[in-house]
Structures are given as C-alpha cells and as structure tokens.
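Chemist: Both chains come to you apart, so use the hints to assemble them.
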Amino acid sequence: MSQRRVVVTGLGATTPLGGDVDSTWKALLAGQSGVRLLTDDWREMLPVHFAARVATEPADQMERIEMRRLDRSEQFALIASREAWKDAGSPDELDKERLGVVIASGIGGVITLMDQFNILNEKGARSVSPHTVPMLMPNGPAANVGLEFQAKAGVHTPVSACASGAEAIGYAFEMIKNNRADVVISGGVEAACHQLPMAAFAAMKALSTRNDDPARASRPYDRDRDGFVLGEGGGIVVLEEYEHAKARGAKIYCEISGQGLTSDGYHIAAPDPEGSGVQRAIKFALANAGLSAKDIVHLNAHATSTPAGDVAEANALRKALGSDADHVAVSATKSMTGHLLGGAGAIESVFLVKALQDRLAPPTINIENLDPAVTVDVVRDKPRALPAGDIAALNDSFGFGGHNVVLVFNSL
Amino acid sequence: MALAQADVLAGLKEIVEEVAGIPAASIELDKNFTEDLEVDSLSMVEVVVACEERFGVKIPDEKVTDLVTVGDAVDFIVNASK
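Residue numbers (the UniProt record's numbering), protein chains in the order written: chain A, 1 to 412; chain B, 1 to 82.
With the rest of the complex left out, here is chain B (with noise of 0.2 Å):
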C-alpha cells in the first residue's frame, strides 16, 4: 500500500534534523536540500540511506540527483511505496 504524502513528509522532516541539524519546522516541501537546508552531498547520503531504512524502499544512486528538493524525495519515496 502506497505510503502517505504527509507521513513521508513528517519522517522526512525527523531525518533531516537528525541528519544535518535543520529544525523540522523549517523543512517544507519547496525547499531546496542544497541552497535551502544546506545538506551537503555527504550529509544527503545519510538522508537518502536513512529514507530507506524508514519507508522500506529503494533510492537508487542515479535518482539522488534528481531529488532537488523536499518535495522531490517526498513524491519519489510515496511512488516507490505503490
């Protein structure tokens, strides 16, 4: 069964802060994990590597480009879950 766009999001915010430190409450789906949140790319393999732990999906290195911002990873993790 296909995860919910705003539990994803909630676990999201939960990794980011643990992860790089941002206060949950400043992580939105617009922002932009580089210029916004300022995780760098060793950080955001902690990100992406803790999303799959969590949600129990496959992030798979070619696609972490393509997750500019929050709500990039957020779409990708719940399409990954159907």
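So that you can see chain A by itself, here it is in the shape it has in the complex (with noise of 0.2 Å):
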C-alpha cells in the first residue's frame, strides 16, 4: 500500500473570541482579548476573579430540550464538530464504518459533577440525574459527536492534561495512516470555569491573579507574567485521506504530515527546565513528517503565561531548532483565548491551519517588556506575513504529567 497522507478538510470552533471559526481568527488577528472579570457571585471566593469565557453561548446555537441532558464541554464538541462538518462540505454519503472521532478533555464534565453532587446532597439519591455518567464521562464529548455522525470506525478520548488536544488530532492522523479511517473529526473541549477547578489551579499558584486587569493578565513572555488565564471552549478540525478528499473534490486547507509525542519522567507538574522531553518531541516530529528545522516558518506556542513555562519551551525550541528557529514566528495565542486545557492544542491547531492558508502568524498580545530569557522570535501585538511557497509550521501541546505533544502542518 502507497504512503497515504493526511489532509484537513474542515474546522470548526467555539472560543472566547468568537462562536465559530471566522469571528475567532478575526479577532485573533485583531489581537482582542476573550479575557473578562467573572460575573458569577462565587467568584469573591478565590483570588481569581477572571476567566475567558466563550463569546457566544451553547443556549444561542442549540435547542433547549438537547442541551440538557449534555455536560457543557459535550456541547461545546458539538457545536464545533457541526460547523467543522458543514466546512468539510457535509459529506454524509460516507461510509460510516470508515468515519472516526477522536475527541479530547483534559477534566471532564466537572461542572455537571459538581451541580449533581449538590443535588444529591440537597434532594437526596433518586433526584439525581439518570443523565450525569453519560454528561460527566471524559469520552462523552467525542461519544456524543460520534453519534451524531454515526461514526463506526472508533471513537476514542485521550487524556493528558493540557495536551489532550493535540494528541487527540495526532490519534486522528494515525488513524488514517494506518488505515483504520478515511475521515476522522478530531479536537479537543473544556468547560471548567467554575469554582472548584479554579480553586484548585489557584492552589497550584498556576493562575494569574491579575484583578485589575483582566484582559492583560495573560501575557506569555513578558517579563511579569504571573501564571495562565483559564479558558473554555473547543475547536475541531477534519482530517482526512488525500486521495479520499481529492475524489470527492473536498476544500484542502493543508497537510498534517507528522507528530511527535515523549514524556518528561521529571515532575507531575513542573515543566523539565532543560526541556529535553520537548526537544525530542519536535525531534520526532519533524522526521515522522519528512521535513527539518529549515522548513518551519511559524509556531504555535504553549505559552501558557507561567513563569517557569514558557521560558523552559522557548529554551527547547531554540536548542531543537538551532539557528533555524531564527526565522521561526512564534505565536502565543493564549495571550488572547486564555488557557483551554484540553481544548488548547485543538484551537491552535485551528490557528494553525488558519495561518497557513492566510499565510498569517497571529499576534501576541500583552507584551510590555519581553523576557530577556526568551530567545525566539515572537510575533507582538500584530500578525506577521509567512513567506510564500511551500511552507510549514508546528504546533506544541504539553500537559501537567509530563506529556510532550508537537504536531507539523504543511501547505500543499
């Protein structure tokens, strides 16, 4: 059998930007913040008081009677697999048995955990909802979409923190790879803005307590940075084979041609410093995708905005890229979308893709005063052009466990 290759045929997303694909990557390239003070009374509780909450809720773009009896991060999947699907041109005739779904969350369905555990202290067991196993479960968002389009090839959940999504749109590339599908819809959600999962990043002194002033405080690479921002939503994006997409005369927006996945085996929540599980990754990656360091025009960084972060990954890319990462644009979108822990690596894959057929490099906002220790190039406060020609760019993922996740995207 020929080497077959993976393309992405649709994208969908539902961010603190924006409720679909096109209102996001508008104000991304605009450089808005999606980061707004908490209105929930709850919030006087922590020393958080802000959070990227998606722009356009699930209750404006689907019905009541379906909503309820699904977890909010289920909703968020659906909603993007929906648009991502129209996008790929709806292609329902199909064989379901080669259609696959691989659709990640870092957390889980915690807000309908929590909501239910109150129920059954305040009402007692049998007001329980029949509906919180399927509304709670980790595989429930991409359980959900599989049903809708009556995927038969797998459906499957990875989890690994905060590169849940990445790994989930890698799961999906080798599904196709190996021939398990010809068209995989792949992700990843997060709906966890809520008081208990705030609590407990902030426990962690993960989160920036920047009260003041909300829409700056995720700032990736400057100088004062003080922890992440969390975020909700989703994005999604259609692989598909190539050939399979060329016969049914399918939108091509790009090649995913290689991932790299490793682990750090250093700290259960710590970035390694010397980055050397992130080296390997984009190592790995960048061989899986038959390319080098030479090819790549653009990143999308993890960039979190925590203070050991983002300077640990930019040393990595700048030891694994050499003096190539000189003209790599690095982006840091989560200067604007905040932190969607499972959903992050599959938003920026969005980005990523977007960047490539704009042939645009998204800013990074917030940056007063760049960190002296960051030595890549970091695109600021406006987009930057990529070349033209045949290009390619990187999107890294890592997640609390010591997860390592970098995908390749290239332009066809």
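Since the hints were derived computationally from the structure, they do not count as laboratory data. Predicted model, so just to flag it, every value in this text is computed and none were measured. Keep in mind that the hints are not guaranteed to be accurate.
Stated by the list, open to error - Listed below are the simulated SDA-like cross-link pairs for lysine to any residue, each with C-alpha atoms no more than 25 Å apart in a straight line:
(1) 123/A / 76/B
(2) 123/A / 23/B
(3) 152/A / 57/A
(4) 58/B / 126/A
(5) 251/A / 4/A
(6) 58/B / 120/A
(7) 251/A / 93/A
Modeler: As structure tokens, this is what we get:
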C-alpha cells in the first residue's frame, strides 16, 4: 500500500473570541482579548476573579432539549463539530465504518459532577439525574459527536491534561495513516470555568491573579507574567485521507504530516527546565513529517503565561531548532483566548491551519517587556506575513504529567 | 384527597415537555412513552422522579415498566393519591 497522506478539510470552533472559526480568527488577528471578569457570585471566594468564557453561549447555538442532557463540554464539542462537518462539505454519503472521532477533554464534565453532587446533598439520591454519567465521562464529547455523525471506525478520547487536544489530533492522524479510517473528526474541548477547578489551579499558584486588569493578565513571554488564565471552548479539525478528499472534490486547507510524542519523567506538574522531552518531541515530529527545521516558518506555542513554562519551552525550541529558530514566527495565542486546557492544542491547531491558509501568523498580545530569557522570535501585537511557497508550521502542547505533543502541518 | 385525572394529565404534559421536548399538545392518554413520544429509559427516570415531586406520590421502580402509556401513568398517579 502506498503511503497514505492526511489533509485538513474542515474546521470548527467555539472560543472566548467567537462562536465560530471566522469570528474567532478575525478577533485573534485584531489582537483582542477574550478574558473578562466573572459575573458569578462565587468569584469572591477565589483569589482569581476572571476567566475567558466562550463568546457565544451554547443556548444561542442549540435547542434547550438537546442541551439539558449534555455537559457544557459536550455542547462545545457538538457545536464545533457541526461547523467543521459543514465546512468539510457535509460528506454524509461517506461509509460510516471509515469515519472516526477523536475528541479530548482534560477534565471531563466537572460542572455536571459538581452540580449533581449538590443535588445529591440537597435532595437525595433519587433526584440525581440519570444523565449524569454520560454527561461527566471524559469521553462524552467524543461519544456524542460519534453518535451525531454515526462514526463507526472508532471513537476515542486521549487524556493528557493540557496536551489532550493536540494528542487527539495526532491520534486521528494515525488512524488515517494506518488505514483504520478515511475521515476523522478530531480536536478537544474544555468547560471548567467553575469555582472548584479554579480554586484548585489557584492553589497550585498556576493562575494569574491580575484582578485589576483581566484583559492583560494572560501575557506569555512578558517579564511580569504571573500565571495562566483559564479559558473554555473547543476546536475541531476534520482530517481526511488525501486521495479520498481529492476524489470527492473537497476543499483542502493543508496537510498534517507528522507528530512527535514524548514524556518528561521529571515532575507531576512542573516543566523540565532542560526541556529535553520537548526537544525530542520536535525532532520526532519533523522526522515523522520528513521535514527539517529549515522548513518551519511558524509555531503556535504552548506558552501559557506561567513564569517557569514559557522560558522552558522557548529554551527547548531554541535547542531543538538551532539557528533555524531565527526564521520561525512564534505566536502565543493564549494571550487572547486564555488556556483552554484539553481544548488548547485543538484550537491552536485550528489557528495554525488558518495561519497557513492566510499566510499570517497571529499576534501575541500583552508583552510590555519581553522576558530577556526568551530567545525565540515572538510575533508581537500585530499579525506577521508568512512567506510564499511551500511552508510548514508546528503546534506544540504540554500537559501536567509531563506529556509533550508536537504536530506538523504544511501547505499543499 | 385523590387528584383529578385532568390535573394529573396537564401536569404530566408539562413534565414530558420539559424533560423530553415533546410538545404538550401531542401528549394524549393513549400515547406510548417509548414508541410514540420517544421518551428513552433515562428520560423516563426523570419523568418518574419529577412526577413524584409534583404529585407527592411514590412510584416504585418495579411499577415503572408497567407505565407503558400516558394513560397508565395518569391512572397510577390518581390511584396512588387516594
């Protein structure tokens, strides 16, 4: 069998910047922040009073009766998948035994879990919703999308904290490469803007506490960054075998040509300051794609705005790419979207695909004083044009637990 | 005092509409929950618990399978309220 190639034929998203890909991408290029003060009473219990909630509530995008048996993360998955499927040309005639779904969530249905725990305590066991388990299970978003589109090649949910969304896309890539499927709906979602996960991340000192200026709190690579900003939403990419896409006349955005996966074996939450796991993931991804560092013109960084993480990542990039890092335009889009945890690698892959399509690297906002320890070329404040011709770009994502995922996309 | 059949039917219509999204106008005594109204087993649990709260009756789990039609449920609730 000849080598199967994998392309992107559909995109979908619901994010703190917009209810779909177009509105999100426009806001991203304009350097807008999706971070706002929370309006919930419970914010006063927390040291952090802000987050990046989705710009468009699911209630504006789906029917009440459908919503009430779906966790918010599952609502995001369906909304973004419907957009992506339509964008792919709604290939409903496809053999469903060749259609897969890989959608991740870092935490699962935590809002459902907490709501039902409160009902149990207040009203008793008989009042706990019979929909609780399908709503809180982390594979719920993938399973609901699989049901919607009748996917029968396999429905999967890799879980690796904040690397989950990227790992899902990588898994989907392998499903097509290995001839298990011709089309896979893949990505990641998260809905954890709730007092418990926020209190828990705050307890780790992982969140920014810049309560007096929320829109400027997420500031990757800035000297005075003080933690990440929790975001919610999700991103979906439809991956498809190249010949299959050509045969049906699908619009093809770009190719996904490789992935690299490693683990640190260093600490449960802290990044390895040497970044050797990240370096290896980059090298494996390039080798897997049959490309070299000189082909890479853009990288959507993980860069969450934590003091330790951003520099460790930048150092690893510099070491892995060497002098070729000089021509890589690095964008830290969490400066605008906040950190979508299990959705992060997925929306950032959507951004990478759009960047290759429009030949524009999105900006990084809120850098007032670039941290001198950051030795990569950061795209600041305004988008930057990417070169013409054949180009390739990377999306890297890391998760608590020491998970490293690097995806390679290239123009076709 | 026993509940009136008409009041129970009206209340049940609201519950089924809330839980399963079936328009109240299409819910009649002879309708079958699963075949006509597409109330699945999980939603039926919600309907039963909501009926217990609303009408102040107990509907034991072993009786739920006997409630095939809307009329079965209305009759059970009216009798249980006596």
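Chemist: Now look at each hint and say whether the structure bears it out.
Modeler: Now the hints, each set against the structure:
For the given pair, residue 123/A sits about 24 Å from residue 76/B by alpha-carbon distance, which is consistent with the 25 Å threshold. This hinted pair does not check out: residue 123/A and residue 23/B have alpha carbons roughly 28 Å apart, beyond 25 Å. A C-alpha spacing of about 30 Å is found between residue 152/A and residue 57/A, which places the hinted pair above 25 Å, so the restraint is violated. Taking the CA atoms of residue 58/B and residue 126/A, the gap is near 11 Å; set against the 25 Å cutoff, the hint holds.
Restraint check for residue 251/A and residue 4/A: satisfied, since their Cα atoms lie roughly 18 Å apart, inside the 25 Å limit. Distance hint between residue 58/B and residue 120/A is fulfilled; the C-alpha atoms sit about 18 Å from each other, no more than 25 Å. Of the supplied pair hints, the one linking residue 251/A and residue 93/A holds, its CA atoms being roughly 17 Å apart against a limit of 25 Å.
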